[in-house]
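Protein sequence lines, in the order shown, are assigned to chains G and H. Throughout the first sequence, residue numbering follows the working numbering, covering 369 to 615 in sequence. Throughout the second sequence, residue numbering follows the working numbering, covering 9 to 491 in sequence.
If you are wondering where the hints come from, they were derived from the structure by calculation, not from laboratory data. Mixed in with the good hints there might be a few duds.
[Unchecked claim] Think about it this way: if two alpha-carbon atoms lie no more than 20 Å apart in a straight line, the pair counts; the simulated PhoX-like pairs of lysine-lysine are: (1) K468(G) - K435(H); (2) K476(G) - K480(H); (3) K504(G) - K177(H); (4) K468(G) - K480(H); (5) K550(G) - K519(G); (6) K435(H) - K464(H); (7) K550(G) - K497(G); (8) K468(H) - K480(H); (9) K480(H) - K464(H); (10) K550(G) - K476(G); (11) K504(G) - K519(G); (12) K519(G) - K468(G).
[Stated by the list, open to error] Which stretches of chain G does chain H cover? Using the computed rule of at least three CB atoms under 8 Å from a CB of chain H, they are: (13) 413-422; (14) 444-453.
Virtual Cβ for every residue (Gly too), placed ideally from N, Cα, C.
The chain contents come next:
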Amino acid sequence: MLEIKNLHARVEGKDILKGLDFSVGAGQVHAIMGPNGSGKSTLAHVLAGREGYEVTEGSVRFDGQDLLALPPEERACLGVFLGFQYPVEIPGVSNLTLLKAALNARRKRNGQPEIDPADFLAWVRDRAKLVKIDPKMLSRGVNEGFSGGEKKRNEILQMLVLEPRLMILDETDSGLDIDALKIVSDGINAMRSPQRATLLVTHYQRLLDYVQPDRVHVLARGHIVRSGGPELARELEARGYGWLEAA
Amino acid sequence: MATQETEIRELMKRREYGAGFVTAIESETVPPGLSEDVIRLISAKKGEPEWLLEFRLKAYRRWLKMTAPQWAHVQYPPIDFQAISYYSQPKSHKAGPKSLDEVDPKLLETYKKLGIPLREQEMLAGVAVDVVFDSVSVATTFKKKLAEAGVIFCPISEAVQEHPELVRKYLGSVVPFGDNYYAALNTAVFTDGSFVFIPRGVRCPMELSTYFRINERNTGQFERTLIIAEEGSQVSYLEGCTAPQRDENQLHAAVVELVALDDAQIKYSTVQNWYPGDEQGRGGIYNFVTKRGDCRGARSKISWTQVETGSAITWKYPSCILRGDDSVGEFYSVALTNNRQQADTGTKMIHVGKNTRSTIVSKGISAGQGQQSYRGLVRVLETAANARNYTQCDSLLIGDRCGAHTFPYTEVRNPTAQLEHEATTSKIGEDQLYYCRARGISEEEAVSMIVNGFCKEVFKELPMEFAVEAGKLLAVSLEGAVG
Ligand SMILES: Nc1ncnc2c1ncn2[C@@H]1O[C@H](COP(=O)(O)OP(=O)(O)OP(=O)(O)O)[C@@H](O)[C@H]1O
Ligand SMILES: [Mg+2]
Numbered sequence: 369m370l371e372i373k374n375l376h377a378r379v380e381g382k383d384i385l386k387g388l389d390f391s392v393g394a395g396q397v398h399a400i401m402g403p404n405g406s407g408k409s410t411l412a413h414v415l416a417g418r419e420g421y422e423v424t425e426g427s428v429r430f431d432g433q434d435l436l437a438l439p440p441e442e443r444a445c446l447g448v449f450l451g452f453q454y455p456v457e458i459p460g461v462s463n464l465t466l467l468k469a470a471l472n473a474r475r476k477r478n479g480q481p482e483i484d485p486a487d488f489l490a491w492v493r494d495r496a497k498l499v500k501i502d503p504k505m506l507s508r509g510v511n512e513g514f515s516g517g518e519k520k521r522n523e524i525l526q527m528l529v530l531e532p533r534l535m536i537l538d539e540t541d542s543g544l545d546i547d548a549l550k551i552v553s554d555g556i557n558a559m560r561s562p563q564r565a566t567l568l569v570t571h572y573q574r575l576l577d578y579v580q581p582d583r584v585h586v587l588a589r590g591h592i593v594r595s596g597g598p599e600l601a602r603e604l605e606a607r608g609y610g611w612l613e614a615a
Numbered sequence: 009m010a011t012q013e014t015e016i017r018e019l020m021k022r023r024e025y026g027a028g029f030v031t032a033i034e035s036e037t038v039p040p041g042l043s044e045d046v047i048r049l050i051s052a053k054k055g056e057p058e059w060l061l062e063f064r065l066k067a068y069r070r071w072l073k074m075t076a077p078q079w080a081h082v083q084y085p086p087i088d089f090q091a092i093s094y095y096s097q098p099k100s101h102k103a104g105p106k107s108l109d110e111v112d113p114k115l116l117e118t119y120k121k122l123g124i125p126l127r128e129q130e131m132l133a134g135v136a137v138d139v140v141f142d143s144v145s146v147a148t149t150f151k152k153k154l155a156e157a158g159v160i161f162c163p164i165s166e167a168v169q170e171h172p173e174l175v176r177k178y179l180g181s182v183v184p185f186g187d188n189y190y191a192a193l194n195t196a197v198f199t200d201g202s203f204v205f206i207p208r209g210v211r212c213p214m215e216l217s218t219y220f221r222i223n224e225r226n227t228g229q230f231e232r233t234l235i236i237a238e239e240g241s242q243v244s245y246l247e248g249c250t251a252p253q254r255d256e257n258q259l260h261a262a263v264v265e266l267v268a269l270d271d272a273q274i275k276y277s278t279v280q281n282w283y284p285g286d287e288q289g290r291g292g293i294y295n296f297v298t299k300r301g302d303c304r305g306a307r308s309k310i311s312w313t314q315v316e317t318g319s320a321i322t323w324k325y326p327s328c329i330l331r332g333d334d335s336v337g338e339f340y341s342v343a344l345t346n347n348r349q350q351a352d353t354g355t356k357m358i359h360v361g362k363n364t365r366s367t368i369v370s371k372g373i374s375a376g377q378g379q380q381s382y383r384g385l386v387r388v389l390e391t392a393a394n395a396r397n398y399t400q401c402d403s404l405l406i407g408d409r410c411g412a413h414t415f416p417y418t419e420v421r422n423p424t425a426q427l428e429h430e431a432t433t434s435k436i437g438e439d440q441l442y443y444c445r446a447r448g449i450s451e452e453e454a455v456s457m458i459v460n461g462f463c464k465e466v467f468k469e470l471p472m473e474f475a476v477e478a479g480k481l482l483a484v485s486l487e488g489a490v491g
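Just chain G, with the same shape it has in the complex (with noise of 0.2 Å):
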């Protein structure tokens, strides 16, 4: 499904990514670690298509389409979703208000018509009710105030309410207490199917026992240092990466 060949890219004017190579197929979930500043975020704003982040030299294909051709709009519209790990804050514009946009965005580019207003309501309320966000903060601005886990809840509340078919989550679970780690968990399972296919970047084996990984990578200096099965993010948890950068 998504097809990552030999990516290299640049942040102002400094090489981040050196040369990446993995696909993830329909149905799989594929973990991402790595030391801090080793380029995960990177990878996750390069797949979505972020300005100024400069792909260099390789290929990315999500469902056989080249993605790095699109601008960030039409990679959502074709389902690509980018949980951010610094949720923005729009104030004066609504979770509400963002929401139907970006789903009427989707229906207009199939061309279908508007979302009716109320069945929109009624599918976000019931979503909300999957993360257990208050439909109250519906109504709030966009992450305006939010607390640092209710801005990741919100992430996942807008991933169940688009239902994009390939989720990056970056570090959706740092900075979460354990009953939101399960809450976002939940949420990241439900929307596990044999179309749909994640990549998660974390840090923490905890998120991994919940949303159990096909395939685990290790990001160091801008490079894919090792793959494995699920049993290596336990083995980094004992033993660090050190051991993996020296090699």
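Keeping the supplied structure of chain G fixed, place chain H with the ligands upon it in accordance with the hints.
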């Protein structure tokens, strides 16, 4: 990041001005120039009574001794008042059409293009419209229905003929003839505008609306609006404005006077979309306007709501004089400046009576190289015990070449006054746009969504139909811009 700034600049590039067409209609235009003779000519063309001519001449003589105000935070070359024509009317316009059937079909076509289909408006209920084309009023719809309620809504030139006692009593009673440079000029040469009179106890049965359009080259538009709400009456009035796209600047210097007697309420809304000039700042309307409401009666209320997206230069401070005890003044404003537009706008709340209250909510949006200033004065006189004011003043910047400036002034001469002031400045961040795009929303739409969110508090003050309109207008003003 440098690249991001360039992006945003691209984004804010150029708006398309939808109302920028010229109507090919033969006009009778007085040659450019200003003198007592021109004023006599205008007055004669309108068959005005002697007192009105004298009023005009008095203002003209005062104006000659005045100088253009320099204090506003706007820059433009001096205006050559002798190069402007002070009167223009479509040739087909004779004594003033009595019904729409007498209106030149080309004019009806013009208004249809602007989204004001007069005929349909007349049939479908809702809004009574007066339209002013260059210097004259061409149509007033719904006259009969309004008359049944006792409401007078007509061109001011007609009111001079048919209700001279009302005009004479109130004209210049809120904005004196020598009030300021542009008000004096307007008083000398005003050509048309709307007159509204709501008798005691009447709640006006529909929204009243006037559309102003400048069509002729080198003409100024100097309209004069007078609204009187007698005791216990209520009215909601909306004005809209457009002008063709031209390279030279055109002057618009209007005066609006509102009078609210005891327990009366006037809601005055403006959606201003005059031609703003092009990307380089060529052309566009100079909009120098004096708008003032007089809460003359106890418990009266005057509310100004404005959405200003047009004009090359805007200089405008809708104000309230809170004379009556317990009277209320409100000012809700959204002003957008893009490209080279400059706006110096705000309000004045003058508290005279006891327990008077005022609210000011100003939302300024600057994009491109737009420069915007909020200038607000809250004055509490000795007589105004327990006066209250709440001021909220927010600026939104799009890109890094625009500017927002805030000049709040307060003068308090009564110690029981309570004033509150809040101000914020925010920027549409590249990260916000990216976040929206990552959710599938285009940049253009994201900007419009954020801007609309920013303006919510003001839009909710507009009459329903126009709130939607205003949202769209803002979107268009920023939109043509993208891609
Ligand atoms: N806009 C930028 N300008 C300059 N350097 C950048 C920029 N963005 C990222 N970098 C650099 O790229 C490297 C990789 O950053 P990235 O955010 O991808 O790391 P990460 O693996 O997600 O780290 P963490 O685990 O801390 O989230 C870092 O050294 C970072 O400083
Ligand atoms: Mg990161």
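ask   = Going straight from one Cα to the other, do K468(G) and K480(H) come out at no more than 20 Å?
value = The given pair, whose Cα atoms are some 17 Å apart, holds under the 20 Å limit.
query = Holds or violated: are the alpha carbons of K550(G) and K497(G) at most 20 Å from each other?
reply = holds (14 Å)
task = Below or equal to 20 Å on CA atoms is what counts here, so check K519(G) against K468(G).
result = Holds, at roughly 18 Å.
query = CA of K504(G) to CA of K519(G), is that 20 Å or under?
reply = This hinted pair holds, its Cα atoms lying about 15 Å apart.
task = For the pair supplied as a hint, K468(H) and K480(H), confirm whether the alpha-carbon distance does not exceed 20 Å.
result = holds (14 Å)
query = Do the alpha carbons of K480(H) and K464(H) lie within 20 Å of each other, as the hint requires?
reply = Answer holds: K480(H) to K464(H) is near 13 Å, not above 20 Å.
Proximity test - 8 Å, beta-carbon atoms, the region 444-453 of chain G to chain H, at least three hits = holds (count 5)
request  = For the pair supplied as a hint, K550(G) and K519(G), confirm whether the alpha-carbon distance does not exceed 20 Å.
outcome  = Distance ~15 Å between K550(G) and K519(G) Cα, so the pair holds.
message = Just to be careful, I want the Cα atoms of K435(H) and K464(H) compared with a cutoff of 20 Å; is the pair within it?
response = Cα-Cα ~17 Å, so holds.
task = Take the region 413-422 of chain G, compare each residue's beta carbon with every beta carbon of chain H, and decide whether three or more fall closer than 8 Å.
result = holds (count 5)
Pair hint outcome, K550(G) versus K476(G) [Cα-Cα no greater than 20 Å] = violated (35 Å)
key: 20 Å Cα cutoff - pair K476(G), K480(H)   = OK: K476(G) and K480(H) at ~18 Å, within 20 Å.
Of the numbered hints stated above, those contradicted by the structure are hints 1, 3, 10, listed in ascending order.
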